[in-house]
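Visitor: Chains as they are written, first to last, in the numbering used here: chain F, 1 to 379; chain X, 1 to 379.
Derived from the structure by calculation, the hints contain no laboratory data. Ideal Cβ positions, reconstructed from N, Cα and C, are used throughout, including at glycine. Heads up, some of the hints might be wrong.
[Stated by the list, open to error] Label-pair restraints from in silico Cβ distances:
| # | chain 1 | residue 1 | chain 2 | residue 2 | range |
| --- | --- | --- | --- | --- | --- |
| 1 | X | Leu-168 | F | Asn-172 | 45 to 51 Å |
| 2 | F | Leu-133 | X | Ser-254 | 18 to 24 Å |
| 3 | F | Asn-202 | X | Ala-270 | 17 to 23 Å |
| 4 | F | Asn-172 | X | Pro-39 | 33 to 39 Å |
| 5 | F | Tyr-28 | X | Glu-241 | 32 to 38 Å |
| 6 | X | Ser-266 | F | Phe-113 | 23 to 29 Å |
| 7 | F | His-12 | X | Glu-169 | 40 to 46 Å |
| 8 | F | Lys-134 | X | Lys-73 | 47 to 53 Å |
| 9 | X | Leu-168 | F | Asn-202 | 47 to 53 Å |
[As the list claims (entries may be wrong)] Every beta carbon over 12 Å from chain F, so not counted as near; a handful from chain X, in silico:
| # | residue |
| --- | --- |
| 10 | Ala-51 |
| 11 | Glu-57 |
| 12 | Arg-59 |
| 13 | Glu-63 |
| 14 | Thr-132 |
| 15 | Gly-143 |
| 16 | Asn-151 |
| 17 | Ser-179 |
| 18 | Lys-192 |
| 19 | Met-197 |
| 20 | Arg-216 |
| 21 | Glu-237 |
| 22 | Lys-267 |
| 23 | Phe-271 |
| 24 | Asp-316 |
One letter stands for each residue in the lines below.
2 protein chains.
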Amino acid sequence: MKIVVDGMGGDHAPETAVEGAVLAAREYGISIILTGVEPRLKEELNKYPDAKDLPIEIRHAEEVVDMHDSPSKVVRSKRRSSMKIGLDLVKGGEASAFVSAGNTGAVLAYSTFSLRFLKGVDRPAIAIQLPTLKGTSILLDAGANVDCKANQLFQFALMGHVYAKYFLENENPSIGLLSIGEEDSKGNETTKEVFKMLKRTNLNFIGNLEGKEVYRGNADVIVCDGFIGNIALKISESLAEMIGTNLKEMFSSSLAGNLGYFFMKSKFTAFKKKVDYSEKGGAPLLGVNGVCMIAHGSSSGKAIKNAIARAKELIDKKINLHICEDIESHLDDKGSLWQQIVEMVSGQDDEEEKPGEKPNSEESPSQKTDDDEGTVTKK
Amino acid sequence: MKIVVDGMGGDHAPETAVEGAVLAAREYGISIILTGVEPRLKEELNKYPDAKDLPIEIRHAEEVVDMHDSPSKVVRSKRRSSMKIGLDLVKGGEASAFVSAGNTGAVLAYSTFSLRFLKGVDRPAIAIQLPTLKGTSILLDAGANVDCKANQLFQFALMGHVYAKYFLENENPSIGLLSIGEEDSKGNETTKEVFKMLKRTNLNFIGNLEGKEVYRGNADVIVCDGFIGNIALKISESLAEMIGTNLKEMFSSSLAGNLGYFFMKSKFTAFKKKVDYSEKGGAPLLGVNGVCMIAHGSSSGKAIKNAIARAKELIDKKINLHICEDIESHLDDKGSLWQQIVEMVSGQDDEEEKPGEKPNSEESPSQKTDDDEGTVTKK
């Protein structure tokens, strides 16, 4: 199993990308392919005395995607970018996962074109981990898609269910629909529709989830469209930043503050670690036919290392096979939903690809997974 | 000038509503009409020895709106509620403003039916104050309307502009459109449309505002639909709650924590005061033809007092007259926008009500304000 790391992706690339690759190879023995401008990557790698003994190879890509490049343009104009070449390695089966801290929109666009979607998935979703009072919740979509239809949010719920089940090891994760009131009737037009769809499944659907419940950890999986998810996530970062700045001012502005900080320092460090994004190591783009991890633009080397480790875990746990099985089984239970989705998925042979009998069966009749690769191929 | 307080509205009504009325009458000499079940209100009032000397009167209303009542049903089924009777006092000119900590949806529904909207306003918006690193920003809509059209968000921007101008005393407030990226092209279908509309005005429109910018205070006015605004607000409360709980645990779990808290206590109290909603005293429902303040359901007596004081300030500053003038003047500048709005507003005589020459002129040709009342009447 090899994992591709976008050597040119991120605010501090290639330094942090190479550092992350070195750390992952050194600490976990993961084989890495770094894509990007070869001389630059070599120069960075040479900073690590043990680099030549690590399972890291470089694949040259002459083009670099900028953080401000337009995703739709980049797909056409930069066909030799570190992202495109990296994702093609996953598509071709040479690598099992792709990790990038680069332009999220570009990763999304390239992934859509290169890897395509899993059967039954109409749009992919970014699934982030949120620290809560009870532990960890998964929120999706955190920004891949705006203007989602009910069917798409329904698919996000299924994918979130599988992700929480295998990744958080929660056998029956609770699923909440992010909305503006607890009552069934609350929400906008789209959430009201998806509410009815989720009610008809055997998922542990707990109904609408108000914003005030999010950090209480009352839902293991929080479903919303990417416009709202992105704003919810970024506004949280913004508030945390404000509170952090205020706390810092309190501590530094007086002797009492300095003393207070002296006594509290270790506790603050522990809390910071709990909520630090770099400990989480990025978020998977669920729904594409391959494992794709999106790391924060300002990722440190450690964050990239953790994203690589997370990618390996998703491959080992065969996340995409389970998503396919789960979508099929839920749709099988509810013929009409199945039909709805079928209509949206581009012309597959429905007769041949009838869904399996029950959720999470070991073998789905319609598809198999190459264990090492995380991509699902049709029979 | 009299202000109506919904005596039965809020989680802790009538206790807190009566306490707020007493405090506002005592401290600011504001004349209050308390609406609600008379014996209950009298009983509460009698707890204050000086109540009989304060300018507080009671208006009996036998029906009470419950926090879980459906707003659409309540408008028809509870025509003798403390809310309906209170808003009718404003409509009839006997009072100048209405304050309630009760069921927000019900206040919104009753206001829509009783007070109706200001000319040029298609939907009202709840305008909340957010504490930021730079001071205070206004976010609207915080939950009055889901599924907003671009024209409605455009109107929210105009109302937010006026509110920030007169309430925050900021002559040229910056206006940001809450979205998922800074670039002009980012957003969902609705925000992209309103972006173009705002670009054409002479407002200080700074473009899209990402969630991460919100608490940095980079926009004085933040425009979004009520679904997103409500989630943004509630998720902020949720995160603050989680951080607060974690801090409390840190402080109480060890001797070092106790010592740290001892040194930091006064600073924490100051910070809490800065972000405490009860200091803010509720949020105005902008766009209805009358001053209507919505206070938090769990408002304390002090929070109600502050909401009453805020209502008085809005009346004194003639907020609704200014909103009317501003909407007319902006629409005048841009004929096509004016036309768009005209089509949405129910059959007024457009010829007679041509907009004024420039923003904020002292006298609008089409309407005048009864100084004491905050409602705007047509000539």
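Visitor: Within 40 to 46 Å: is that where the Cβ-Cβ distance between His-12 of chain F and Glu-169 of chain X falls?
Guide: The hinted range 40 to 46 Å holds for His-12 of chain F and Glu-169 of chain X, with Cβ atoms some 42 Å apart.
Visitor: Verify this label for me: Lys-267 of chain X is non-interface relative to chain F, using a Cβ-Cβ cutoff of 12 Å.
Guide: Violated, because the least Cβ-Cβ distance between Lys-267 of chain X and chain F comes to about 4 Å, which does not exceed 12 Å.
Visitor: Please verify that the nearest CB of chain F lies beyond 12 Å from Glu-63 of chain X's CB.
Guide: Label holds. Min Cβ-Cβ 21 Å, cutoff 12 Å.
Visitor: Between Leu-168 of chain X and Asn-202 of chain F, does the beta-carbon spacing fit 47 to 53 Å?
Guide: holds, 51 Å
Visitor: Okay, Tyr-28 of chain F versus Glu-241 of chain X on CB: inside 32 to 38 Å?
Guide: holds, 37 Å
Visitor: Is 17 to 23 Å right for how far apart the beta carbons of Asn-202 of chain F and Ala-270 of chain X are?
Guide: violated, 51 Å
Visitor: Does the hinted range 47 to 53 Å hold for Lys-134 of chain F and Lys-73 of chain X at CB?
Guide: The hint (47 to 53 Å, Cβ to Cβ) is violated, given that Lys-134 of chain F and Lys-73 of chain X are roughly 35 Å apart.
Visitor: Just checking, Phe-271 of chain X versus chain F, shortest CB gap more than 12 Å?
Guide: violated, 6 Å
Visitor: Given the hint of 33 to 39 Å, is the C-beta distance from Asn-172 of chain F to Pro-39 of chain X inside that range or not?
Guide: violated, 51 Å
Visitor: Is it true that the C-beta distance of Ser-266 of chain X to Phe-113 of chain F lies inside 23 to 29 Å, as the hint says?
Guide: violated, 58 Å
Visitor: Verify that the Cβ of Gly-143 of chain X lies farther than 12 Å from every Cβ atom of chain F, and report whether the claim holds or is violated.
Guide: violated, 6 Å
Visitor: Does the claim that Arg-59 of chain X lies outside the interface with chain F hold up, using a Cβ gap greater than 12 Å?
Guide: The claim stands: Arg-59 of chain X keeps its Cβ more than 12 Å from every Cβ of chain F (closest is about 30 Å).
In this structure, the hints that do not hold are numbers 3, 4, 6, 8, 14, 15, 17, 18, 20, 21, 22 and 23, in rising order.
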